[in-house]
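Quick note, the first sequence lines up with residues 1 to 550 if you use the numbering used here.
Please keep in mind that the hints were generated in silico from the structure rather than gathered at the bench.
Even for Gly, the Cβ is constructed at its ideal location relative to N, Cα and C.
Treat the hints with care, as some may be off.
[Unchecked claim] Derived pair list, reagent style DSSO-like, types lysine-lysine, alpha-carbon separation capped at 30 Å:
(1) 148 - 257
(2) 456 - 471
(3) 355 - 257
(4) 115 - 72
(5) 459 - 442
(6) 109 - 441
(7) 280 - 295
(8) 442 - 405
(9) 93 - 109
(10) 472 - 153
(11) 460 - 441
(12) 244 - 455
(13) 472 - 460
(14) 236 - 5
(15) 463 - 511
(16) 115 - 102
(17) 456 - 115
(18) 67 - 20
[As the list claims (entries may be wrong)] Distance windows between CB atoms, simulated:
(19) 205 - 301: 31 to 37 Å
(20) 265 - 408: 55 to 61 Å
(21) 218 - 354: 46 to 52 Å
(22) 511 - 63: 30 to 36 Å
(23) 518 - 85: 17 to 23 Å
(24) 449 - 4: 30 to 36 Å
(25) 85 - 20: 24 to 30 Å
(26) 442 - 69: 35 to 41 Å
(27) 8 - 338: 44 to 50 Å
(28) 70 - 354: 49 to 55 Å
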Amino acid sequence: MIKSKIFSDIKDSLDKLNLKFNENFAVEVPHNIEHGDFSTNVALLNAKKNKMKPRNMAEKLAEILNKKRNYKSVNIAGPGFINLRLANSIYHKALADIIKVKKKYGSSKYGKKKKVLLEFISANPTGPLNIVSARAGAYGDSLYRIMKFVGYKAFREFYINDAGNQVDILAESLELRYRELHGERFEDFPPEAYHGEYIKDLANNLNIIDGSKLFHISEKDRLERMKNYALEEIHKMQVASLKKFDVNFENWMSERKLRQEGILEEALSYLAEANCTYEKDDAIWFSSTDFGDEKDRVLIKTDGNPTYLVPDIAYHLTKYQRGFDIILDVLGPDHHAHVSKLRAAIQALGYDIKKLEVIYLQHINIIKHGKIVKMSKRAGKIVTMDNIVQEVGKDAARYFFLNRKPSAHLDFDLELAKKKSSENPVYYCQYAHARICSVLKKAKKAKLTLKDFDKKNLKKLNKDEEIFIIKKMLEFPSLLIACAEHREPHRLAGYIHDLAGVFHRYYAKYKIIDVTHKELSLSRLYLISAIKSVVAIALNLMGISAPEKM
RNA sequence: GCGCCAAUAGCUCAGCAGGAUAGAGCAACGGAUUUCUAAUCCGUAGGUCAGGGGUUCGAAUCCCUUUUGGCGUGCCA
């Protein structure tokens, strides 16, 4: 709001001076507070165009801007920056605007209702969700919340790989545990089978339901029963874990369903129609080299079964058919080779490749006793999402995962995360919220309520810290847009921490409630209630609770 | 070999499409409380932004290159 006003003031002034300029100049809040409230590099970027020195151009511009009423001062600094200081009244008005829109502060129409599909986690339904899924969950869900808040029509989707090899192995693993319950012994449990304890639990429960009657049906039917039972139960388990982590999905897409509905054949036939498939060595190939892949890929194996590429192409076909403008896949870093094949297929099908955007979340190392823990899903040695939520709590876990950018590797030190929760920065942020609630409560007891507050008194907010806090809050809307645009929710984590810090310092330095100065107290209460609101909105966008008391 | 990702304080990480003196947290050291909640605040110390080159008025940020680490490069998913 304020920024765009400054933009237009600068443009007006340039026009008045008949100076040429490119609109890509910046108006930003300088790191160093002594450089003013805002600064612009417009003269640095455009001096050449006007055959002037940057400082000369800046001086001419400053002269015009100084005549405008909104500016306390306009100075030239360094190589030709223009530093602007605004009148306090501008900030007071902005503060009132924040209070006015309440919970909607920071929301916008930036996304223009574009339809966005966010696919994330999409773990195999063969066991409990692990820490990798936890990171993906925290990331995907928060990005969803932010994108929705800034005006995108966003949807979350979980793709269930409930068909293919892995699932067959799952059924066989369950079969083995089931047979153990009926007296059989396996000296060497097959290494490729799933070893987790949950398989034993599943066998126990299945045995309670079906008893020994599964021995009286054909092996094929028995394995089918095993598969269906395991898939259903593990899905329930995963949904329960996600619920505890506050992650929901608008849609669950099942690979089996895609297969049953003939989408795989549909995708294959489109590829054939586009002349992108051929037969060789008893297999069907996709000529992906035509689309920049390094070699052609097999679609249908010699044994007649499709490779994993086919259902994935079919799945993405549905994403396009459903009319999304932006298709975001959140994947592990080991998928990038796969994605190049997928991109080739999408081009072959004639769809706009630019709509598909892949975000790679880098690996997580679990550190235990200073050593990296190797995880293996099949061997049952994993740190689960439930473990993390139980041990460090949902709020801390989500903050922890969101505090780093997606492209960065992440070391998760279990001992440290478990040790003392107060060491976690999330409490610093939440405490700011709780503290404000506590002050507001106290104010109420002292009969100070904002109902009979006259905004004219906002001029009493004249301390540097108070203006600084308002400035900080004014950054919030554009910060959210940046988070959405760059798909980087971690910036929000940093922002809340900053805002909380600004508040804590203010709190330590100034008394908010002072019954002998009623107007000043009310003004300050007004200010901190705005902080409270922004902190709450931001925490909520990260899926973290904003406690009233700690 | 080729491809993708990374390298910033002792540790874990930020650094907002190039801006002015590179910032937090933790760890270390020294202080602040008869409080509006100390889960807080103030201070000290800590850096060749992996090395080198280029573009620019200006580079941690963009380009090239070298080094180091992770991952990938299946008729597994």
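Each hint tested on the structure:
Between the alpha carbons of residue 148 and residue 257 the distance comes to roughly 28 Å, so the proposed pair stays at or under 30 Å and holds. With a CA separation close to 19 Å, the supplied pair residue 456 and residue 471 stays within the 30 Å bound. Among the hinted pairs, residue 355 with residue 257 is consistent with the structure: their alpha-carbon atoms are about 25 Å apart, no more than 30 Å. A threshold of 30 Å between alpha carbons decides the hint, and for residue 115 with residue 72 the separation of about 44 Å lies outside it, so the pair is violated.
Of the supplied pair hints, the one linking residue 459 and residue 442 holds, its CA atoms being roughly 23 Å apart against a limit of 30 Å. Proposed proximity of residue 109 and residue 441 is contradicted: the alpha carbons are some 35 Å apart, above 30 Å. For the proposed pair residue 280 and residue 295, the alpha carbon gap of about 14 Å is at most 30 Å, so the pair holds. Restraint check for residue 442 and residue 405: not satisfied, since their Cα atoms lie roughly 39 Å apart, outside the 30 Å limit.
A distance of roughly 22 Å separates the Cα atoms of residue 93 and residue 109; the hinted pair therefore holds under the 30 Å criterion. For a cut-off of 30 Å, the pair hint linking residue 472 to residue 153 stands: about 28 Å separates their Cα positions. Our distance criterion of 30 Å between C-alpha atoms is met by residue 460 and residue 441, whose separation comes to about 22 Å. For the hint pairing residue 244 with residue 455, the CA-to-CA distance comes to about 43 Å; that exceeds 30 Å, so the pair is violated.
For the proposed pair residue 472 and residue 460, the alpha carbon gap of about 19 Å is at most 30 Å, so the pair holds. For a cut-off of 30 Å, the pair hint linking residue 236 to residue 5 is broken: about 52 Å separates their Cα positions. A distance of roughly 12 Å separates the Cα atoms of residue 463 and residue 511; the hinted pair therefore holds under the 30 Å criterion. This hinted pair checks out: residue 115 and residue 102 have alpha carbons roughly 26 Å apart, not beyond 30 Å.
A C-alpha spacing of about 43 Å is found between residue 456 and residue 115, which places the hinted pair above 30 Å, so the restraint is violated. Of the supplied pair hints, the one linking residue 67 and residue 20 holds, its CA atoms being roughly 21 Å apart against a limit of 30 Å. Judged by the Cβ atoms, the range 31 to 37 Å given for residue 205 and residue 301 holds: they are separated by roughly 35 Å. In this structure the hint that residue 265 and residue 408 lie 55 to 61 Å apart at CB is violated, the actual value being about 41 Å.
At roughly 50 Å, the beta carbons of residue 218 and residue 354 sit within the given window of 46 to 52 Å. A hinted range of 30 to 36 Å for the beta carbons of residue 511 and residue 63 is inconsistent with their spacing of about 42 Å. A beta carbon spacing of about 30 Å between residue 518 and residue 85 contradicts the range 17 to 23 Å that was offered as a hint. Hint check: residue 449 to residue 4, Cβ distance near 34 Å, so the stated range 30 to 36 Å holds.
A hinted range of 24 to 30 Å holds for the C-beta pair residue 85 and residue 20, which are about 27 Å apart. Take residue 442 and residue 69: their Cβ atoms lie about 39 Å apart, and the range 35 to 41 Å holds. At about 48 Å, the CB distance of residue 8 to residue 338 agrees with the hint of 44 to 50 Å. For residue 70 paired with residue 354, a C-beta distance near 41 Å fails the hint of 49 to 55 Å.
In this structure, the hints that do not hold are numbers 4, 6, 8, 12, 14, 17, 20, 22, 23 and 28, in rising order.
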